[in-house]
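Participant: Each protein sequence line maps, in turn, to chains W and U. Counting along the first sequence from 1, when you hit position 81 you're at 81 in the working numbering, and nothing is skipped either side. Counting along the second sequence from 1, when you hit position 1 you're at 1 in the working numbering, and nothing is skipped either side.
Just so you know, the hints here were simulated from the structure itself, not pulled from any lab data. No residue lacks a Cβ here, since even glycine has one placed at the ideal position from N, Cα and C. You may find that some hints are simply not true.
[As the list claims (entries may be wrong)] Calculated Cβ distances over 10 Å to all of chain U for the following chain W residues:
(1) H7
(2) S9
(3) R51
(4) K57
(5) I62
(6) A70
(7) T78
(8) D84
[Unchecked claim] Here are some of the chain U residues that sit facing chain W, going by a computed Cβ distance under 8 Å:
(9) G40
(10) G42
(11) L43
(12) L45
(13) Y48
(14) P61
(15) Y64
(16) E72
(17) L80
(18) F90
(19) G97
(20) E107
(21) G108
(22) L111
(23) T112
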Amino acid sequence: GENVEQHPSTLSVQEGDSAVIKCTYSDSASNYFPWYKQELGKRPQLIIDIRSNVGEKKDQRIAVTLNKTAKHFSLHITETQPEDSAVYFCAASKNNDMRFGAGTRLTVKP
Amino acid sequence: NAGVTQTPKFRILKIGQSMTLQCTQDMNHNYMYWYRQDPGMGLKLIYYSVGAGITDKGEVPNGYNVSRSTTEDFPLRLELAAPSQTSVYFCASSRQGHATGELFFGEGSRLTVL
């Protein structure tokens with residue numbers, strides 16, 4: 001089955017800096033790549049997603065890039081704010097099989 | 001809309017006991033899922049359902065059972081609880097199928113097996 005690896009496991013940045021989280025996947029047939037944000041003690045919530053026919057997608061301070069050839073995709077957060085502190089999960093899926101990465105704990109220091 | 005509602009939020013079980021985690025959604029979604037979340041391990045799919053009367057195994061189904069008698073409800077049954085089932089459980093639903101659309105999660109149920 002699909003295997004998703006996510007790096008780094010923890011990331012600390014200064015407020016206003018950028019943060020980048022990277023994921024690799026193993027199954028070249030995967031075609032949907034969402035990112036979820038989970039604040040402490042809360043439920044995961046979708047923040048952005050990308051499909052395999054698109055190389056990049058942006059939503060305000062958040063962007064995701066996909067490199068199908070290398071089988072990796074990344075989350076970019078610019079101008080980070082303390083409220084961006086959370087655990088971020090990437091996922092890769094095809095059909096009804098979605099696999100999540102282990103998560104990245106992002107801390108934004110004021 | 002309440003979205004996805006799970007009960008209970010917390011539960012402590014003794015080894016060998018059984019229990020049911022309840023999940024209901026009011027968004028008329030056909031697809032529903034149960035995940036478990038262990039520290040540093042991400043979310044792993046236990047079971048899923050593509051509609052009433054249809055269920056299928058996910059990545060880690062052993063020790064669990066589900067049923068889907070209505071569109072709204074998708075309970076998860078633990079038989080003969082084991083310490084390895086200590087985890088946080090999330091129920092989720094989606095309109096399009098979880099491989100192509102947004103998952104809406106419940107608030108989670110923290111289960112401890114002692």
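Participant: Which of the stated hints cannot be reconciled with the structure, identified by number in ascending sequence?
Facilitator: 2, 3, 14, 15, 16, 17, 22, 23
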